[in-house]
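S.K.: Chains as they are written, first to last, in our numbering: chain L, 1 to 359; chain U, 1001 to 1240.
It should be emphasised that the hints constitute simulated quantities derived from the structure, not laboratory data. There may be inaccurate statements among the hints.
30 angstroms max Cα-Cα, derived BS3-like pairs, lysine-lysine [what the hints assert, rightly or not]:
#1 Lys1212(U) x Lys143(L)
#2 Lys2(L) x Lys201(L)
#3 Lys302(L) x Lys1040(U)
Computed spacing ranges between beta-carbons, pair by pair [to be verified]:
#4 Glu230(L) x Gln1049(U): 42 to 48 angstroms
#5 Arg298(L) x Ala1134(U): 54 to 60 angstroms
#6 Arg1122(U) x Ser272(L): 57 to 63 angstroms
#7 Asp1088(U) x Gly343(L): 46 to 52 angstroms
#8 Gln1049(U) x Glu220(L): 39 to 45 angstroms
#9 Ser278(L) x Ser1073(U): 57 to 63 angstroms
#10 Ser133(L) x His1033(U): 47 to 53 angstroms
#11 Glu230(L) x Arg1007(U): 40 to 46 angstroms
#12 Leu158(L) x Arg1007(U): 21 to 27 angstroms
#13 Asp1125(U) x Phe134(L): 43 to 49 angstroms
#14 Glu1097(U) x Gln21(L): 29 to 35 angstroms
Note that the Cβ used here is the ideal one computed from N, Cα and C, for glycine as well.
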Amino acid sequence: MKTARIFQLTALLLVVVSVFQVGYWIVDQREQALSKVAALERQYDHELAAGRALLTAGIPEERLHGLLPDLSVAGGQVQVDPRVTEALAAEQHRRINQYLWEGGFFLLALCACIAVIWMALRAEAQVLKEQDSFLALVSHQFKTPLASLQLSLETMNLRPLSPEQSRTLIERMLADLQRMETLVSQILDSVRLSRGRVDLKREPVPLAAAVMRVVASMRERAANGRISIETEVPADLTILADPLAVDVVMRNLIENALAAVTPVGGGRIIVSSRRVGSGVELTVRDSGVGFRPADQARLFEKFSRLNPGAGSSYYGTGLGLYIVKRLMQLVGGTVTARSEGLGRGSEFVLTWPLAAEQS
Amino acid sequence: MSGGNYRVLVVEDDPHLSAGLQENLRAEGFEVHTVGDGLKAVEWFAERQCDLIVLDVMLPGLDGLGVCRTLRSRGTTTPVLFLTARGDPADRIRGLEAGGDDYLAKPFHLQEFLLRVRAILRRWDWYKSSSASAASAVLRFGGNEVDFRAFRARAFTGEVQELTEKEAMILKVLAEKPGEIVSREDLLERVWGYDVFPSTRTVDNFILRLRKRFERDPAQPRHFLTVWGVGYRFLIGEEP
């Protein structure tokens, strides 16, 4: 990282030096052009003086013109040929113009280089800063399940336990491992998504089947928390999306709803869907802890775990809703959240484009 | 020291950690109660009491620092052991400034946790037992009167001042041996336990606070004397 920074700064320095070099070149070339013209003018002056002397010495005018072709001689008067003077002035003008244009162009190109390098440096500093805070947050998220794992293991090491107590501890440890595994895969997903490095397909996906698959995999967990999941998704709705992305989005939203309902001791989650214009709208409604309307914008930020007073996101990683938002953006869909306040449940609404008109 | 008769409140929102701590403290003989968020912890305290609070810093509702500040502002002097996922020195100091007694970063070792719990309780036992008799509960010096049991003092100005638990403990340690030198390390060990603060400067700051409260001229102390390079000496009467 440090080497890259040194290279970048060296490049910047070289370009800045080049700017001065080009500036100097323009000034130098202009001076040289001017001094060449001055030398020529001096030469013409000498020729003029020589011409006049020769004329006075009685050299005929035609002969003189042959000897000093830059002079014009008429009626005993000698002067530098006006065409020569004009040509000299024109040449001087052309040269200086050429240097100004060429130099100006180089200067402009170099300044553009400086701007580009400068912007790259700034962007990189920003990325580094974001990475640092992301790392800090990630390591922080791992500490709770790690602490729980360590506590369970050390308990087993320290105390004689009944088989039942051991089983409880083992189950607890397995759940902690599961939490960390979820965290790892969500971190990877979110890193890929925030760099836009995902190849999403756009193909017709039957929505009802996709929803049912996710709900079925979570029924047991829901039942343990005394939570009912109801689905009202018409069988004929087919959306244009990436099937894997739909699965991830649904999973995250239902996980989120489970985490919101668990602390209030159970309740309902309703997944419903309908056609709206040329799109499909899917709503996940829960009777959980809800959130303050003012916090709505923060919900979808990375690691923004709102703490709505009832211990909502027990196992939340703070990445689920960020992943949902990015995936929906990438497939051209939207996601919005609504809640009437703490303790009043919440509602997440997704929209996808409808796949080609159905019969 | 067994956990007998001690009641501990565990405030932790993670159900696994909360259960694990509860089981272990019970196994050591403590009576344990648990709550999962900050506001509930404050509510719990409005009706009940305990000998020690194990307090997570990141809590829903009201965070651990907020809980500690609220309890302290209501006059609760129950010792607090903070648990947190952040363990850098700045966070430690924030926790101790909020009125915490000790600080443990997650993930932690179970035996260290139990050791610290016992150390805090031992310090409090010492403080309580050494303030138990009517004679030891009150300290009078230079027109000041300190009531160790009420954590309250009447200064020579007549003003009644609330003492923090740490101020009271430092006073107690110093007053145990009037006229003798007490080192900074000794004060740290007796009042805070081991490796809590990054430096002994903290002790100096507390002594400055005590001088402001009880000395007629804090710049020319007559009771809380500095022994350069060593520590402090407390005099009940003024230096002859």
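S.K.: So, for every hint listed, does it hold in this structure?
M.R.: Outcome of the hint check:
Our distance criterion of 30 angstroms between C-alpha atoms is broken by Lys1212(U) and Lys143(L), whose separation comes to about 42 angstroms. Taking the CA atoms of Lys2(L) and Lys201(L), the gap is about 39 angstroms. The hint is violated against a cut of 30 angstroms. A C-alpha spacing of about 28 angstroms is found between Lys302(L) and Lys1040(U), which places the hinted pair at or below 30 angstroms, so the restraint holds. Between Glu230(L) and Gln1049(U) the CB atoms are about 46 angstroms apart, so this pair conforms to the stated range of 42 to 48 angstroms.
A C-beta distance of roughly 56 angstroms is found between Arg298(L) and Ala1134(U), which places it inside the suggested range of 54 to 60 angstroms. For the pair Arg1122(U) and Ser272(L), the beta carbons lie near 60 angstroms from each other, so the given range of 57 to 63 angstroms is met. A C-beta distance of roughly 35 angstroms is found between Asp1088(U) and Gly343(L), which places it outside the suggested range of 46 to 52 angstroms. Our hint of 39 to 45 angstroms for Gln1049(U) and Glu220(L) holds, since their Cβ atoms are close to 41 angstroms apart.
As the Cβ distance of Ser278(L) to Ser1073(U) is approximately 58 angstroms, the hint placing it in 57 to 63 angstroms holds. At roughly 36 angstroms, the beta carbons of Ser133(L) and His1033(U) sit outside the given window of 47 to 53 angstroms. For the hinted restraint 40 to 46 angstroms between Glu230(L) and Arg1007(U), the CB-CB distance of approximately 44 angstroms keeps it satisfied. Between Leu158(L) and Arg1007(U) the beta carbons are some 22 angstroms apart, a value that agrees with the proposed interval 21 to 27 angstroms.
For Asp1125(U) and Phe134(L), the hinted distance range of 43 to 49 angstroms is satisfied, since their beta carbons lie about 46 angstroms from each other. Remark: the range hint 29 to 35 angstroms for Glu1097(U) to Gln21(L) is contradicted by a beta-carbon distance near 58 angstroms.
Consistency note: the structure conflicts with the earlier hints numbered 1, 2, 7, 10, 14.
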